[in-house]
Amino acid sequence: MLVSTALATVFMRDLFAVIMLFGIYSLLSAGFFLNLSAPDVALTEAAIGAGISPILMLGTLALTRKKSESEPQAKKSINGVFLPLFVVTITGATLIYATFDMPHFMDPEAPAHNHVAPRYLEQSYKEIHIPNVVSSVLASYRGFDTLGEVFVIFTAGIGVLALLGFLADGSGRTYWQFADTASLRHHNILHVISKILIPLILLYALYVQFHGEYSPGGGFQAGVLFATAFILYTMIYGLQAAYAVISPKVLYWSMVVGVLLYAGTGLASVFLGGNYLDYNVLAHDPVHGQHIGIILVELGVGICVAAVMMSVFFNFAGRTFDPSSQKKGGE
Amino acid sequence: MSLVLGLFNYWIVIILMMIGFYVVIAASNLIKKIIGLNIFQTSVFILYISIGKVKDGAAPILADGVETYANPLPHVLILTAIVVGVATTALGLALIVRIKEAYGTIEEDEINEKDGSL
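So the sequence lines, in the order shown, correspond to chains A and B.
FYI, the numbering for the first sequence is 1 to 331, going by the numbering used here.
FYI, the numbering for the second sequence is 332 to 449, going by the numbering used here.
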């Protein structure tokens, strides 16, 4: 099923349909992850793949379609189809040949399961007292990786701001409106339903954030869910209303605050005499210190991810009806 | 038979990966290229998660009475990779928007044409 959806994405010409199919594809792969006993990953993939990335792609589509509405009839030469197909087939065949050396699927003896994983599974409860091993590995054992990844997300957010950035300096003549929502704004059904849904999504995001130690979840998923709620709000009520709730400036600051909270937790543990990101020293009791550290770090991740996602979305949405950029686009 | 069953997941991954690869090479529309890249990326995620799966293993949330768990390490790596992936996708899409503004098109061949004529 996954393969057929992916294939359909290739053959579709209409970009809108392609993006929708991509959303379905992501949802399917989220189900697949759940099947492979990876609920944390499935949660992330469902929120991101089926929620945020199609919205961003649609935003791009709305921005870029303005002029080239009638140009999807890309005529492809024989060369343009068969040369890539040839390359792809060769590469695929090589890779399949390589799989014959791989340990079989679900094999408990595979090398991947016999290095650090058993240690995480056996020792982490004693050391950290958190049932969800994914959370403890994410925030504690591999805290450096996660810190690096948060910085990558932060940098990408900054990059989008730099590329599309309208800084909220209130530069008078532009009016921010999300084009596609002009019609949505008067739909009563959507209003009522979203009014019920948004608090629930926010509540669920907070639950995922603070309950991430015991059940699937954590900062990354919570941040994304939180952002999804705001994106829904923006789509229904328009950008103006969303800015009234949370202004872009607050978002930019909370992006920074999130990263600094993570990095600062690391520094705090240095000042208390431990290594960087060594939470044991944060409290008198190492296990308790680990708890504080993980909660702080996950909070930092959540704030940063949510702020980056929202500001990226605001940037895409805000650009849509920006007259000055349309003028530039026409040139 | 066990060979086929044991490697089936990896083959699916490779097929998906090649589909994504093909889109990246062959599609001339930049948005479609990004989608191809995303399919490629998802196939890598599936590869990792497949490696992490253990026979009869439960999700890696410790509970009483459960003996085998899936490998938590790939889950950690992939779950952060997904979020990083969407952030970089957003960056790519932002670049596309700017390309559109500079060139007036997001079709690769037209962009090349304009570059040549400059």
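Treat the hints as calculated values from the structure; they're not laboratory data.
Model, not experiment: these values are computed from the prediction.
Backbone N, C-alpha and C define an ideal beta-carbon position, used for all residues, glycine too.
Take the hints with a grain of salt, since some may be wrong.
[What the hints assert, rightly or not] Per the computed footprint, the stretches of chain B lying under chain A, defined by three or more beta-carbons under 8 Å from a beta-carbon of chain A, are:
#	stretch
1	339-350
2	370-377
3	403-416
4	424-436
Now for the hints, and whether the structure bears them out:
no.	hint	in the structure
1	339-350	holds (count 11)
2	370-377	holds (count 4)
3	403-416	holds (count 14)
4	424-436	holds (count 10)
No hint from the list above goes unmet by this structure.
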